[in-house]
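Enquirer: Protein chains in written order, with our numbering: chain A, 114 to 223; chain B, 115 to 228.
Treat each hint with caution, since some may be false.
Here are the computed lysine-lysine pairs in the DSS-like style, where the Cα-Cα straight-line distance is at most 30 Å [to be verified]: (1) B:132 <-> A:183; (2) B:171 <-> A:169; (3) A:222 <-> A:149; (4) A:180 <-> B:216; (5) B:131 <-> A:181.
No lab work stands behind these hints: they were computed from the structure.
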Amino acid sequence: GEDVEQSLFLSVREGDSSVINCTYTDSSSTYLYWYKQEPGAGLQLLTYIFSNMDMKQDQRLTVLLNKKDKHLSLRIADTQTGDSAIYFCASSSNTGKLIFGQGTTLQVKP
Amino acid sequence: EADIYQTPRYLVIGTGKKITLECSQTMGHDKMYWYQQDPGMELHLIHYSYGVNSTEKGDLSSESTVSRIRTEHFPLTLESARPSHTSQYLCASSEYADPNEKLFFGSGTQLSVL
Numbered sequence: 114g115e116d117v118e119q120s121l122f123l124s125v126r127e128g129d130s131s132v133i134n135c136t137y138t139d140s141s142s143t144y145l146y147w148y149k150q151e152p153g154a155g156l157q158l159l160t161y162i163f164s165n166m167d168m169k170q171d172q173r174l175t176v177l178l179n180k181k182d183k184h185l186s187l188r189i190a191d192t193q194t195g196d197s198a199i200y201f202c203a204s205s206s207n208t209g210k211l212i213f214g215q216g217t218t219l220q221v222k223p
Numbered sequence: 115e116a117d118i119y120q121t122p123r124y125l126v127i128g129t130g131k132k133i134t135l136e137c138s139q140t141m142g143h144d145k146m147y148w149y150q151q152d153p154g155m156e157l158h159l160i161h162y163s164y165g166v167n168s169t170e171k172g173d174l175s176s177e178s179t180v181s182r183i184r185t186e187h188f189p190l191t192l193e194s195a196r197p198s199h200t201s202q203y204l205c206a207s208s209e210y211a212d213p214n215e216k217l218f219f220g221s222g223t224q225l226s227v228l
């Protein structure tokens, strides 16, 4: 079946940039998403990108999509302690459902 | 802010009990979903609904059942809870006509079966 893979853990210092990577297998994915989950909470949509785009920027967030390699990344500029959370990559499948990765835990050290 | 609510937030229950996890949304969304999430693991879709009286099983086999009698309400029921059902259960909804398929999630129910 279709799959989405992410590294499990990333640690950065406050003020540095964070880059979270994701690979997916479904070449027919129309949209790709980044969700954020804070402790004890549900997932919150951070941003998404349409598959015919290479890049999308939204304030401190930059999403890069390499459709050929099926690689998606999320860059957070000037990472803050409030950015500490689990970040989930997701792709839209041809059945209309989302497929989620395992989540990347971002730890921001002061 | 998403208006989707799950109760209870935490539930500890003994084996064999029947439980119902509640999920309600006030956004008028037609599509609703239940995901199961274990620590360090991806979300697994266990049930979804495209509208009233529509329910489908998801990608992960589950012994739970769901119902969709009203648009805003999508409860999940376990007839006889077992320790293997211990997990976090997340409810989500989206607009049927939204091509972006943006999901709005509740805060989750952490279920522990002893």
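Enquirer: Decide, hint by hint, whether the structure agrees.
Expert: Comparing the hints with the structure gives:
1. B:132 <-> A:183: 43 Å, violated
2. B:171 <-> A:169: 34 Å, violated
3. A:222 <-> A:149: Holds, at roughly 18 Å.
4. A:180 <-> B:216: This hinted pair holds, its Cα atoms lying about 20 Å apart.
5. B:131 <-> A:181: 50 Å, violated
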